[in-house]
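Chain B: place on chain A using the hints.
Here is how the chains run, residue by residue.
Protein chains: 2
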Amino acid sequence: MKAYQELSREELLELQKELSAAYEDAKGKGLKLDMSRGKPSIAQLDMVMDIMDVFTSQSDMKTEAGVDVRNSGLMDGIPEAKKLMADIMGVSPENVIVCGNASLPIMYDSVSRCMTHGVLGGTPWCKLEKVKFLCPAPGYDRHFAITEHFGIEMITVPMTPEGPDMDIVEKLVAEDESIKGIWCVPKYANPTGVSYSDETVRRFAALKPAAKDFRIFWDNAYAIHHLYDDRQDEILEILSECEKAGNPDMVYEFCSTSKISFAGGGVAAVASSKANLDNIRKSMTIQTIGYDKINQLRHVRYYKNIDGMRAHMRKHADLIRPKFEAVLAVLNRELAGLGIGTWTNPNGGYFISFDAMEGCAKAIVAKCKEAGVVMTGAGATFPYGKDPKDSNIRIAPSFPTPEEMAQAADLFVLCVKLVSVEKLLAQ
Amino acid sequence: MKAYQELSREELLELQKELSAAYEDAKGKGLKLDMSRGKPSIAQLDMVMDIMDVFTSQSDMKTEAGVDVRNSGLMDGIPEAKKLMADIMGVSPENVIVCGNASLPIMYDSVSRCMTHGVLGGTPWCKLEKVKFLCPAPGYDRHFAITEHFGIEMITVPMTPEGPDMDIVEKLVAEDESIKGIWCVPKYANPTGVSYSDETVRRFAALKPAAKDFRIFWDNAYAIHHLYDDRQDEILEILSECEKAGNPDMVYEFCSTSKISFAGGGVAAVASSKANLDNIRKSMTIQTIGYDKINQLRHVRYYKNIDGMRAHMRKHADLIRPKFEAVLAVLNRELAGLGIGTWTNPNGGYFISFDAMEGCAKAIVAKCKEAGVVMTGAGATFPYGKDPKDSNIRIAPSFPTPEEMAQAADLFVLCVKLVSVEKLLAQ
Numbered sequence: 016m017k018a019y020q021e022l023s024r025e026e027l028l029e030l031q032k033e034l035s036a037a038y039e040d041a042k043g044k045g046l047k048l049d050m051s052r053g054k055p056s057i058a059q060l061d062m063v064m065d066i067m068d069v070f071t072s073q074s075d076m077k078t079e080a081g082v083d084v085r086n087s088g089l090m091d092g093i094p095e096a097k098k099l100m101a102d103i104m105g106v107s108p109e110n111v112i113v114c115g116n117a118s119l120p121i122m123y124d125s126v127s128r129c130m131t132h133g134v135l136g137g138t139p140w141c142k143l144e145k146v147k148f149l150c151p152a153p154g155y156d157r158h159f160a161i162t163e164h165f166g167i168e169m170i171t172v173p174m175t176p177e178g179p180d181m182d183i184v185e186k187l188v189a190e191d192e193s194i195k196g197i198w199c200v201p202k203y204a205n206p207t208g209v210s211y212s213d214e215t216v217r218r219f220a221a222l223k224p225a226a227k228d229f230r231i232f233w234d235n236a237y238a239i240h241h242l243y244d245d246r247q248d249e250i251l252e253i254l255s256e257c258e259k260a261g262n263p264d265m266v267y268e269f270c271s272t273s274k275i276s277f278a279g280g281g282v283a284a285v286a287s288s289k290a291n292l293d294n295i296r297k298s299m300t301i302q303t304i305g306y307d308k309i310n311q312l313r314h315v316r317y318y319k320n321i322d323g324m325r326a327h328m329r330k331h332a333d334l335i336r337p338k339f340e341a342v343l344a345v346l347n348r349e350l351a352g353l354g355i356g357t358w359t360n361p362n363g364g365y366f367i368s369f370d371a372m373e374g375c376a377k378a379i380v381a382k383c384k385e386a387g388v389v390m391t392g393a394g395a396t397f398p399y400g401k402d403p404k405d406s407n408i409r410i411a412p413s414f415p416t417p418e419e420m421a422q423a424a425d426l427f428v429l430c431v432k433l434v435s436v437e438k439l440l441a442q
Numbered sequence: 016m017k018a019y020q021e022l023s024r025e026e027l028l029e030l031q032k033e034l035s036a037a038y039e040d041a042k043g044k045g046l047k048l049d050m051s052r053g054k055p056s057i058a059q060l061d062m063v064m065d066i067m068d069v070f071t072s073q074s075d076m077k078t079e080a081g082v083d084v085r086n087s088g089l090m091d092g093i094p095e096a097k098k099l100m101a102d103i104m105g106v107s108p109e110n111v112i113v114c115g116n117a118s119l120p121i122m123y124d125s126v127s128r129c130m131t132h133g134v135l136g137g138t139p140w141c142k143l144e145k146v147k148f149l150c151p152a153p154g155y156d157r158h159f160a161i162t163e164h165f166g167i168e169m170i171t172v173p174m175t176p177e178g179p180d181m182d183i184v185e186k187l188v189a190e191d192e193s194i195k196g197i198w199c200v201p202k203y204a205n206p207t208g209v210s211y212s213d214e215t216v217r218r219f220a221a222l223k224p225a226a227k228d229f230r231i232f233w234d235n236a237y238a239i240h241h242l243y244d245d246r247q248d249e250i251l252e253i254l255s256e257c258e259k260a261g262n263p264d265m266v267y268e269f270c271s272t273s274k275i276s277f278a279g280g281g282v283a284a285v286a287s288s289k290a291n292l293d294n295i296r297k298s299m300t301i302q303t304i305g306y307d308k309i310n311q312l313r314h315v316r317y318y319k320n321i322d323g324m325r326a327h328m329r330k331h332a333d334l335i336r337p338k339f340e341a342v343l344a345v346l347n348r349e350l351a352g353l354g355i356g357t358w359t360n361p362n363g364g365y366f367i368s369f370d371a372m373e374g375c376a377k378a379i380v381a382k383c384k385e386a387g388v389v390m391t392g393a394g395a396t397f398p399y400g401k402d403p404k405d406s407n408i409r410i411a412p413s414f415p416t417p418e419e420m421a422q423a424a425d426l427f428v429l430c431v432k433l434v435s436v437e438k439l440l441a442q
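Residue numbers (the working numbering), protein chains in the order written: chain A, 16 to 442; chain B, 16 to 442.
If you're looking for bench data, these hints aren't it; they were derived computationally from the structure.
There could be a bad hint or two in this list.
Given that identical chains are not distinguished, each listed pair holds provided it fits within a single copy or across any two copies.
Below 25 angstroms or equal to it, Euclidean Cα-Cα: the simulated SDA-like pairs (lysine to any residue) are [claimed, not checked]:
| no. | residue 1 | residue 2 |
| --- | --- | --- |
| 1 | Lys186 | Ser72 |
| 2 | Lys142 | Ala226 |
| 3 | Lys145 | Glu349 |
| 4 | Lys145 | Leu135 |
| 5 | Lys47 | Ser255 |
| 6 | Lys145 | Arg128 |
| 7 | Lys377 | Gln247 |
| 8 | Lys289 | Ile66 |
| 9 | Lys404 | Glu177 |
| 10 | Lys147 | Glu349 |
| 11 | Lys330 | Ser72 |
| 12 | Lys404 | Asn347 |
| 13 | Lys297 | Val389 |
| 14 | Lys297 | Leu222 |
| 15 | Lys186 | Leu353 |
| 16 | Lys142 | Asn294 |
| 17 | Lys47 | Val69 |
| 18 | Lys223 | Asp333 |
| 19 | Lys377 | Gly354 |
| 20 | Lys186 | Asp102 |
| 21 | Lys401 | Thr303 |
Excised from the complex, chain A in its bound form:
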């Protein structure tokens, strides 16, 4: 297999002809697949349906401590749900507040609260001339959307195989008081699949930010989302690392069951220091009479404990792994050695991250779309939707079936080849 860069102009032209014909064929197949979001598949959702039998009209609706979950009260979550969510994150239940059906609103609220009320008595960010966030990229588009929505300036930080480039993070937060936060997906990161190394986590915990109200937004979305039994990442627990490093209040950690139970009806939580949680509770008493405790108890009765949840996630892995493998098989078979793309082979999470030749990502995604396969928009994994190299593409294999996934991957590699040839010819 010769790298495309080593092909002569004639060979490239010949290849272009073949690939164009194949692409026209592919368009004729009338594919209609959506791989734009990390949506759980129907099979995954079906696997959780027993949760619907947890409560009947005859059920006892009380917590272990005897509180009726149908009524208002217990604003920050029922104790047994705190325990379950704490165990997902590896923290203590007293460091957890259990919220509503997904973690995105908690992250939005956290930023919004900092804007209107500041952090632990600090100046509300909306009163400051300038507020900036560090954004390791490629990263999660919805994180960047929140900061953009609030007019927060985003500074891209490169990702390494160990996590964000900590030399850059340390330098920037130490010298710029207007940098108030950083977005992190520390485990099976969206989209790179990278899990932060112990050194990275320790360097995060030991940051010396110029801004006293600097916070790490630690989105532990894939904490127990392993793909394999024998290849699993583990990361250091950030709250205790921060405490050890003398920065006990520096982190807001988020997690949810959106990709464990139901994307539309899960349970989400935030973990942080007592000072931060007390501050959050102060706003919560104004904001809510309490989240849906019935659903919290439903989840606890269904999963019972973290072991039950881990067992469940092994079944999830059995559903998702074949899809990852279907994509990886096609990528390996069709693109290895061609010099026109690199990709990740993660141990968990929901995504494969693909890096095309510079300047090709938008064109590849457009070509896929034209032939009926919708990918996440190129650039979406970068702040402001702008990938400076126009290279990164997020592949989300969770929703389609393995067969559909293989079809989509076939089309994808065809588009990668065609766009790469055209790019090389244009040079």
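Structure of chain B alone, referenced to chain A:
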């Protein structure tokens, strides 16, 4: 029955002696009742338990249009839930966004969004020197808590039997551009039970605010919460009235099933003009992947339609009405003609509003508490928790049983008498 004001000093002293003795007796009874919040009773919650049988592991989890409610998507609510919530408010489904488990977070979010992003492109309120809200009082303490939390100055507007004093409302909003909103509970108001007259609603719709971004926060919390079959209030529908009056965008209306199904696990909604809803949706796409659509569909399948819900609310009324009647019977028997208190006899809602002699409310509530009955804090029904006359007390009969309610009322009237006598003696 002689009014206390007509009693001689000697008669008052004699009365004080009797009442003090009775109060000491009452303290000995070891009562322990909480009437502080409008919490649904256990019997009410039990009556809704059939909703738990709506879904089993075998259920079809699709909307009528075929959308799987277990997954993300349909951010602004499933169509059938829009219809149900719209029918509660008497508006069109296209004017409705269905949200999470209670309306308080929607109200909080609405104010928060105005603070950080302004209204329909206007200056964010957090960038303004001064933002004020009109607060008809006595009113709902949680409304006032939201505006206080955001540093919004609250101006008290007196309530009349027809609603807020509209002469004052019209004058203030017309002359002060910093007045950006008003809190309203238009039907069976908390705590007065007043329903706004047609003239009041029309005058609201025809307001000419100096601030283009003035909004009416119309909390229609008790829209179908009648206590009687033959004594029911109806109010004019505010959205269409505003449209007729040339103010189509002036209202955010809120409602929920917190006091229909479960306080901890209901469904809530906001209704407004298309322009306002589009603006809300713009923030929502950043804030959420969608609320809990499983619970939305659960409610629709259970109640089926507004008729099913109204039938259900008649059963609720049968549970709550005896508690109201128990209190009213005691008030009438013990206080009528004494000149030391007036009270409401509402056709619906959750509260009886009691006005003691000036300067007596705090002392009455404190005396009740000392003897084991917790009432809503005196003053809570006014902005900043300060009732200028120290006169209003909110009675929340929903949670206790009718027997407990009668006991609590006996204690309450005893405290009213005792405090009133002491007040008169001190004059």
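**OP:** Would you pick out the hints that fail for this structure and give their numbers low to high?
**Re:** 1, 3, 5, 7, 8, 10, 14, 15, 17, 18 and 20
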